[in-house]
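The primary structure of each chain is shown beneath.
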Amino acid sequence: MNFILELVVSIFLLIGGGFILVGSIGLMRLPDFMMRLHAPTKATTLGMGGLLIASMILFTLREPGHISVHELLITIFLFITAPVSAHMMAKTALHQKLKMISRTRGQELIDPASQQLAPKQSLEQGNDGVSVKS
Amino acid sequence: MLSFTVIVVSIMVVVALILNLWRLFAGPDLADRLLALDTMYINSIALIILLGIWLGSTLYFEAALLIAMLGFVSTAALCKYLLRGDIIE
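Chains as they are written, first to last, in our numbering: chain Y, 240 to 373; chain E, 187 to 275.
Misleading hints may appear alongside valid ones.
Unchecked claim - Simulated crosslink set (DSS-like; lysine-lysine; CA at most 27 Å straight-line):
| hint | chain 1 | residue 1 | chain 2 | residue 2 |
| --- | --- | --- | --- | --- |
| 1 | Y | 330 | E | 266 |
| 2 | E | 266 | Y | 281 |
| 3 | Y | 336 | E | 266 |
| 4 | Y | 281 | Y | 330 |
| 5 | Y | 281 | Y | 336 |
| 6 | Y | 338 | Y | 281 |
| 7 | Y | 338 | E | 266 |
Unchecked claim - If you want the ones that stay clear, here's a sample from chain Y, every Cβ over 12 Å from chain E, calculated:
| hint | residue |
| --- | --- |
| 8 | 303 |
| 9 | 343 |
| 10 | 345 |
| 11 | 347 |
| 12 | 348 |
| 13 | 356 |
Just so you know, these hints were derived from the structure itself, not from any lab.
Here a beta-carbon is modelled for each residue, glycine too, at the ideal position from N, C-alpha and C.
Can you make the complete structure from the sequences, with help from the hints?
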């Protein structure tokens with residue numbers, strides 16, 4: 240029983256650490272801010288979920304009759320705040336008009352975003368010459 | 187086996203922190219540095235949780251929760267400052 244518990248906890252720990260490492264490698268290697276935003280906000284949050292599941296299993300099964308819920312609090316808080324901060328950083332990047340490589344899509348939306356316009360409103364004004372079926 | 191795995195995962199998280207530090211110093215723009223700081227506080231929460239597993243104590247999760255809250259507030263405040271030029275208008 241003890242060996243199986245340690246095996247399960249170790250597997251979750253390795254999954255979590257692997258996703259955290261992949262997120263930071265993506266943060267270092269990817270060429271563009273909008274691409275770099277994907278790696279930490281998705282992979283690192285998933286890795287934290289793996290670590291917290293491992294900790295929850297360990298501390299719940301180590302003491303019988305006692306459920307450990309601190310980790311659930313941290314997990315819920317991180318899973319709520321990570322998309323919010325990612326959205327705010329994407330808005331910051333659009334506002335500051337960072338240089339992007341040519342393959343990145345949606346670059347015609349940078350100007351309306353920095354003027355605080357909705358995308359459809361700016362398309363009706365014809366700022367960018369992209370026709371979109373409404 | 188669990189202590190060995192905790193050491194291996196701690197080394198992985200420390201390597202991730204070093205990569206974040208490289209992006210923090212070499213980032214071409216302010217938004218990249220902000221993203222690196224955001225990732226660094228999440229990785230530091232991971233290190234604190236690994237310390238709690240290593241020591242077998244649930245006392246460290248309150249510290250992790252505090253770091254999570256302060257990190258989110260500081261990221262939001264820095265984003266607001268870069269977006270509007272002011273934090274509280």
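- prompt: Does the structure break any of the earlier hints, and which numbers would those be?
  reply: Violated: none.
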